[in-house]
Amino acid sequence: MDLHFGDSKPTDKEKAAVDALLGPPESSWEGADRSDADLRWARGGRAARERRDLLLPGLHAINDRVGWISEGALDYLCRRLTVPPAEAYGVATFYAMFSVKPRPATVLQVCTDLACAAAGAAELCAGVEARLGLGSGVRVERSPCLGLCERAPAALVVRAGGSAPDGDVDTASPTRPVRQGPRPFDPPRGSAPDPVSGADPRPPAPQTPGGLTFPGPGLDDRPGQAPPARPAFADEAVQADEGGLGAQPPGLGDGKGRRGRIPSRVTAVVAPATVDTTVVTATLPEMAAAEPPAAMAVPQAGAPSLILLRRVGVVDPASLDDYRAHGGYTALRHAFALGPAGVIREVTDSGLVGRGGAAFPTGRKWQATASQPDHPHYLVCNADESEPGTFKDRVVMEGDPYALVEAMTIAAYATGAHQGYLYLRGEYPRALRRMEHAISQARARGLLGDDILGQGYAFDIEIRRGAGAYICGEETALFNSIEGYRGEPRSKPPFPVEKGLFGKPTVENNVETLVNVLPILTLGAPAYATIGTGRSTGPKLFCVSGSVDRPGIYELPFGATLGELLELAGVRGRLRAVLLGGAAGGFVRPDELDIPLTFEGTREAGTTLGSGVVMAFDDTVPLPRLLLRIAEFFRDESCGQCVPCRVGTVRQEEALHRIVERTGAAAAEDITLLREVGRAMRDASICGLGQTAWNAVESAIDRLGAYE
Amino acid sequence: MTVIPLGVPRRLLEFTIDGDEARVPEGSTILDACRAAGKDIPTLCQGDTLTPKNACRVCVVEVEGARTLVPACSRKAEPGMEVRTDTERARHSRKVVLELLASSVDLSTTPRVAEWLKEYEAKPDRFGPDAARLNEQPKIDNDLYVRDYDKCILCYKCVDACGDQWQNTFAISVTGRGFDARIAVEHDAPLTDSACVYCGNCIEVCPTGALSFKSEFDMRAAGTWDESAQTETTTVCAYCGVGCNLTLHVQDNEIVKVTSPHDNPVTHGNLCIKGRFGYQHVQNRD
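Here the protein sequences line up with chains V and L, keeping their order. Under full-length UniProt numbering, read the first sequence as residues 1 to 708, first letter to last. Under full-length UniProt numbering, read the second sequence as residues 1 to 286, first letter to last.
Keep in mind the hints are simulated off the structure, nothing from the lab. All C-beta atoms, glycine included, are put in the ideal place defined by N, C-alpha and C. Just so you know, not all the hints are guaranteed correct.
What the simulated footprint calls covered on chain L by chain V, stretch by stretch (three residues with Cβ under 8 angstroms from a Cβ of chain V suffice, anywhere in the stretch; the number is not a length) [what the hints assert, rightly or not]:
| id | region |
| --- | --- |
| 1 | 48 to 61 |
| 2 | 100 to 110 |
| 3 | 123 to 130 |
| 4 | 173 to 181 |
| 5 | 190 to 199 |
30 angstroms max Cα-Cα, derived DSS-like pairs, lysine-lysine [said to hold, decoys possible]:
| id | chain 1 | residue 1 | chain 2 | residue 2 |
| --- | --- | --- | --- | --- |
| 6 | V | 492 | L | 39 |
| 7 | L | 139 | L | 39 |
| 8 | V | 9 | L | 139 |
| 9 | L | 76 | V | 499 |
| 10 | L | 95 | V | 492 |
What follows is a set of in silico ranges between Cβ atoms, one per label pair, in the way DEER data are often shown [what the hints assert, rightly or not]:
| id | chain 1 | residue 1 | chain 2 | residue 2 | range |
| --- | --- | --- | --- | --- | --- |
| 11 | L | 274 | V | 28 | 27 to 35 angstroms |
| 12 | V | 123 | L | 137 | 48 to 56 angstroms |
| 13 | V | 28 | L | 138 | 34 to 42 angstroms |
| 14 | V | 456 | L | 188 | 50 to 58 angstroms |
| 15 | V | 666 | L | 164 | 48 to 56 angstroms |
| 16 | L | 25 | V | 604 | 54 to 62 angstroms |
| 17 | L | 143 | V | 418 | 50 to 58 angstroms |
| 18 | V | 322 | L | 82 | 52 to 60 angstroms |
Bound conformation, chain V alone (with noise of 0.2 angstroms):
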C-alpha cells in the first residue's frame, strides 16, 4: 500500500478536530511536523491500518466542528488512520449528514416523510425556505423521516462548531462570512450573542405540546449542569458536545490531546414545527425550547400493564440509582446466576423472535454466534432505526437508556463478547446523549469494565454514530460502516453468526429485541411466552402515527388486532388506509381492522408486521403522492450497489410520477411495468432494502385500488 495524500492542507481548525479525536500526531508519518527520527524510522503495516474503523468518527469530527469535509481535512484523516483518500471520499459521499462541498454551518432539516408530510410538511417547507432565503447562513435540506413521527411536522437544527463565540462560521471562501443580510429574525445586539444576559429581545421560546415554556439553557451549561428551574426528566434544549468525543472506545481512552470539553456542535430538534419556532431555532439553536420528555410519546406511560415501557416516564433516564431502584440490573444477575447457556436457554424457551421485522428466533442467533470457535466474538445493536414511521427505539433510550446497556451486557455474556458497539441513529440526539450518559455511569460503577457485578467478566459498549443512511440498518451494511467502508451489504453466506462485524462472529439485535430479554430473565422463560399467541410470543412495540388523536409507542402483548391497537389512539376523520410495517411494509384497508398483530397473523393476512409501524391515514390524504414520496424514499435511500435496486427504484420512481393523476387505463401499462420491475427487484436485489422496496405501493394498488 502506497498512499498518496496530495498538497492540501487541513486548516487549523480541521487538525485540531481530528487530533481531539485521535490525539496529536506522533510523527511526520501521520501528518506532524518532520523530525530528525522521522528520517530513520517508518511507520506502517497492519498497526497503522488497524484504526480504519475510526473513519466515520473522525469524518463526524470534523464535520461537527467545520460543518463540511475539505479536501485538506479528509487528507489529513486519512494521513492519520493510514485509509486511501479515494476510499475515504467513497465513505463521505455515501452518507446525506456530509458533505464534501462547502456549507453554511447551519443545516437546518425538515423531515418531509410520511407522517410529518401528512401533518403539512411541504406547506412548512415553503413557508421556512420564504423566510429563510439566501443569507441566512442556513442551509434548509428536505430530508427523510427524522423519528419524530408521534410529534410531526418535525426538523432538526444542526450547527457546526458549537457556539463559539469567535465570530465561528465557515463559508466557502474564509474571507467572507455567509452570514450577510438581514436574517429573518434578527435581534438587535451585538456580534458576540449573549443570551443569558444580553437577550433582552429575545425571541419568545416556542410552546411545547404541554403549553409549558421552558427557558432554555444558557450557552455555558454543559451536559451533567441542571439547567435552572428544570421540569422533572425533560431534557436540557440543547447540547453541546454530542460528538465523537464521548464515546470513545476503551482503547482510545487515554485522553491524550483531546481538549476539554469545547462543543463541536449545537443541535435542536423542533416538533411539532411551525414556520416560525422553525426559522427562530434555526437561526438560534441554543435558545431552543426543551423537547418534551420521552413519555410524551407514549400515551400508556405509568400503566401497570406495560413491561417493556413500564420505566419510561417513571424513572429518571439520568439516574443508574433510580434505574436500579425500579428494578434495574436484576436480570443481569439472574443471567450471572444461570450461566450463558443457561441464559441462551431461556431466550430459546421464551420464544423471543428479533422485532427489527426479519422475526428471526433470537435464541437460535445466539446459541449459533456462542458456539463458534473463531474469537472474538462481537456484540452489535442496531440502534439505526430509519425506517419511516418507526421511532420506538428511540423512545426507549430516551426513556430508559439503562434498560439497553443492561441487556446489552447480558447479551453479550451469553454469546461470549466482551466488547459491543450500539449504532445509534445520527439524527437522534437526545438518545445519544442520554446513551452517552447511562454508559459513561454504568462504567463507573463497574457495571461494564473488566470485573462486571465482581464475577470477572469483561465487556464495555460503545458508540458509533451513524450519518444518515437507511441502508446502514441492514446488518452487514451496518459492520461495513462500523468498519470505515461505506455501508453496503455484504452477501451472504457466510452470514454475521459466522463471519460478521472485523470478519468474526457477531450477534447483531436491535434495540426491542434486546429490551425483551430482561423480562424473560425476570419473570422466566415460561411466564414469558405466555403472553401473546404461541407463535409470536412476548410483548410488542408499535409506532402509531399520522390520523389519529394519540400517535406515539404502544405496548400490547402479540394478538391484539389493528383494530383495538387503533381505538387505542384514536382514529382521526375517516381511516383511508393503514401502512402496516413501514415503507417496506404494506398497506391494509379500513375494513380489515381485525387482523392480529402477529407474525403468523399478518402473514396470513398478506401483509406483515415488519418493525411495528402502524401508520393511519385519512381519506384527506392523497394516496398517489404517499406512494410517490415511497418511491423516493428508496430510490434517495438505495446504496447503489446492484443494478436491480439502483436502477430499479428510479424506474419505479419515474412510473409513479407519470401515473400520479391517472387511473384505470391510463395508468394500465405503468402499473405493469413497475409490477414487472418489483418483481425482479425481490427476486435479485442484494439485500433487503431492494427486496422490499416495491411492497408498500404493490399493496397500495392490490389492496386498496390506489389507480382504479
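Got chain V sorted already, so can you dock chain L onto it with the hints?
Just chain L now, kept in the frame of chain V:
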C-alpha cells in the same frame, strides 16, 4: 507454453443443475459448475481474475429452498443443491436487469450484450424517452486512457483491481449513493491529481469499455476502430526481468492497445505503466 497451476486436489461434491447430476470440486461456484456443464449464463461484473462483487445480477439462478434468486458467480456450490438456471423467474430477472442497464447506460461496446438483449427479449425503450440516464461526458485528462462513465455499470471490478485484489494503489473508489453513485478518484479530481499509477489494470478488467486506451477511444471517435482487422501477438515485455506477457493488438501495422493473458501464472493479466502504455518506441520510425 502457458503453465497452469494445478492446485491441491479437492473433493468433488454432487448436486443437480436443471435436473442433471453435476460433480464439481469443493469451493467451485455455481457459475463454474454451469460453465463446466455447458450452460451459457450471462455475466457482466464477474471477472476471471477477481472475486466477483455480484453487483450486476444478470447471472441469477434459482436454488431450491432459497427465498430469492442467487448470483451464480459468487454462490458456492453445496452438496445436494438443486439449481435451475433457465426458469421463467430467473429469465424474468435477467431480462429486467438487462433492460434497466441498457436504458441507463451505453452498452454499445459491451461484448455479447446485444445478443443477450435479444435472447431475453429485453426492451430497454419501454421505460420511455424521459427515463433517467447517466449522461456523463468522457473524462479525457491524460494521454493514456479515457474514462467514459456513461458506459459504466458500477461492476466494482476497476475498484477491486486498483485496490486490495491486485494493484494496491487504491486510487479509485465508488462515490455517492444510489443512482448518483459513480466511480471516481479522491475528491473527484482529474486522474493526473490522483494516486493513479497508470498501470491500466482497471482497463484490463473493465467489461463495458467505460475505461479504454486513448488510442482506442480516438479511433472509435474517428470511426477507424476495426477489431476484425486487428491481429493479436503475445510476446514478452522487454522493459525488465520479470517477464510479463504482453498481447499486442495491431491494426494497420500500428499497436493500438496492449493487454495481457489472464491465465499467465505470474501476472494474471496485470501489467505496469511501461508494459501497458510504453509501446511507442516499437513503432517510432524516426
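Hints, verified against the model:
no.: 1; hint: 48 to 61; result: holds (count 7)
no.: 2; hint: 100 to 110; result: holds (count 4)
no.: 3; hint: 123 to 130; result: holds (count 4)
no.: 4; hint: 173 to 181; result: holds (count 9)
no.: 5; hint: 190 to 199; result: holds (count 3)
no.: 6; hint: V:492 <-> L:39; result: 24 angstroms, holds
no.: 7; hint: L:139 <-> L:39; result: 38 angstroms, violated
no.: 8; hint: V:9 <-> L:139; result: 26 angstroms, holds
no.: 9; hint: L:76 <-> V:499; result: 16 angstroms, holds
no.: 10; hint: L:95 <-> V:492; result: 24 angstroms, holds
no.: 11; hint: L:274 <-> V:28: 27 to 35 angstroms; result: 31 angstroms, holds
no.: 12; hint: V:123 <-> L:137: 48 to 56 angstroms; result: 39 angstroms, violated
no.: 13; hint: V:28 <-> L:138: 34 to 42 angstroms; result: 39 angstroms, holds
no.: 14; hint: V:456 <-> L:188: 50 to 58 angstroms; result: 52 angstroms, holds
no.: 15; hint: V:666 <-> L:164: 48 to 56 angstroms; result: 52 angstroms, holds
no.: 16; hint: L:25 <-> V:604: 54 to 62 angstroms; result: 44 angstroms, violated
no.: 17; hint: L:143 <-> V:418: 50 to 58 angstroms; result: 55 angstroms, holds
no.: 18; hint: V:322 <-> L:82: 52 to 60 angstroms; result: 58 angstroms, holds
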